[in-house]
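Produce the complete structure using the sequences and hints provided.
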Amino acid sequence: MLKWVLATALVCAASGAQAADYADLPVLRGSLREQTSTGRNWDGWYAGGQFGYSAGNLDFSHASQSLTDFMLRNSVLQVPVQSWALLEAKDATSLGFGGFVGRNWQWEDAVIGIELNYTNLRGLSNSSGSTMSLQLLNPTGSTPPTGHDYRYDTTLTGAATGQIKDLLSLRARGGWDAGGFMPYIFGGLALGRVQVSRTATMYVEKHDLSKDLAGNQIDIVSNVSPVPATKTEGGADAIAVGYSLGLGTEMLVAGNLFLRAEWEYVQLMKIRDVAFSVNTARAGIGYRF
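Under numbering that gives the first Met the number 0, the sequence shown has 52 at position 53, and the numbering climbs by one with no breaks.
Certain hints may be false.
List of simulated lysine to any residue pairs, SDA-like, C-alpha gap at most 25 angstroms [as the list claims (entries may be wrong)]:
| hint | residue 1 | residue 2 |
| --- | --- | --- |
| 1 | K205 | V223 |
| 2 | K89 | G140 |
| 3 | K210 | Q162 |
| 4 | K89 | L190 |
Per label pair, the in silico range of CB-to-CB distance [unchecked claim]:
| hint | residue 1 | residue 2 | range |
| --- | --- | --- | --- |
| 5 | Y264 | D152 | 42 to 48 angstroms |
| 6 | L244 | T130 | 16 to 22 angstroms |
| 7 | I184 | V240 | 33 to 39 angstroms |
| 8 | M131 | Y264 | 45 to 51 angstroms |
| 9 | D236 | A54 | 19 to 25 angstroms |
Rather than coming from a laboratory, the hints here were simulated on the basis of the structure. Every residue, glycine too, gets a C-beta built ideally from N, C-alpha and C.
This is the structure:
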């Protein structure tokens, strides 16, 4: 009896082992497939080159402001002339090139990093010029005698030229591993090497207006143009500080080689009363070490 029980147990064990082996046969698996990860390794240092198209805006509206402030300092005309938007904002475009270097850290599908990005804009520039004349009657601070009015016939002529030579940005990046792609956003500090030249000329006539006993208008004219009547500044390069933000995507093409496409917006602080902003679309190629 004992021999029969042992024999039965051995047969059952052998059958179970054989059934387990059948499950590993490809013909018995049907349509099931082993799942594999589609993730990629974006971690590490990288560097590359880029080219792009930039559209900039140079706001010359108040380019003459600090010049007229100096010429009209301590006068009743300084404040009212200060608000004049003499010149226009102008657009400019250029093709540019540059490079980038950075470091990524990856946790599962999340990728964060820092990057230094440089673009030579090849002299994105424009200019504006205009003349404005206004009559200012009894501006704040003027003290005409009783029965008199002071009218200042004021003419301001100005011109300005601006140029953005290159941009450098230090970015913080956040991306997501989407297999062979990594979409990302970024933001950070931007520096721009710019050049601004400007000039302003003031001409002022003061009219002392009153009436005689017969009611006739009396107009006594005097030239009170400031000294100097013309002031010019500019010519040297200056560094403008600002911020950068944008988005893009990278695509692995072979090994550690990747392609990049991105959009960046840069806003720079005013230099000599001229404000700068740049939108850039770029394409690049890089290598991860």
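| If you check each hint against the structure, which ones fail? | 2, 3, 6, 7, 8
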